[in-house]
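With the hints as constraints, model all of the structure from the sequences given.
Counting with numbering that gives the first Met the number 0, you get residues 0 to 136 for the letters of the sequence shown.
Don't read these hints as lab results, they were simulated from the structure.
Hints are not guaranteed to be accurate.
Stated by the list, open to error - In silico BS3-like pairs for lysine-lysine, Cα to Cα no more than 25 Å straight-line:
(1) K89 x K45
(2) K69 x K54
(3) K57 x K45
(4) K64 x K54
(5) K89 x K54
(6) K69 x K57
(7) K89 x K57
(8) K64 x K89
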Amino acid sequence: MSEAAPEILRANNQRFIDATISELLDANQRLFNEERDRLERWADDKLLAAEESLKQTKARIAQLKREARKVATLQEQEGIQREISELERKQRRQRQEVFDVEDEITAHRDTLIESLQKRLQEKTESETLFTLRWKVD
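Shown next, in the form of structure tokens:
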């Protein structure tokens with residue numbers, strides 16, 4: 000009978016350890032999912048803002064081209080063409096910004112995945128520090 004008690008304690012201890020590890024893994028999974036969702040929302044917002052700005056510039060260029068067809072004087076034509084030229088340069092910068100935003104998103108996603116991989120490689124150890132024995136008389 001005296002040998003059965005330590006085995007029962009070891010089994011209970013192992014169940015406690017397994018339950019604790021499982022809880023930690025679940026918490027890590029929840030944190031990862033929250034971080035991924037936050038990253039995706041941030042990425043969507045950033046990309047939509049860059050694309051919206053580009054869309055507005057394209058619309059303004061199209062509007063100016065329509066206006067250019069209607070003007071009567073060369074001076075008006077020159078002013079409109081100058082503005083179109085400036086907007087086209089702005090449009091190229093905005094296109095590059097969209098690519099830069101996509102690169103930034105990819106970098107953040109890679110960092111998140113790397114963090115997850117590190118968490119998955121974590122190991123646990125269990126070490127008996129001391130053992131208590133007692134006797135009831």
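Q: Provide an ascending list of the numbers of those earlier hints which the structure does not satisfy.
A: none
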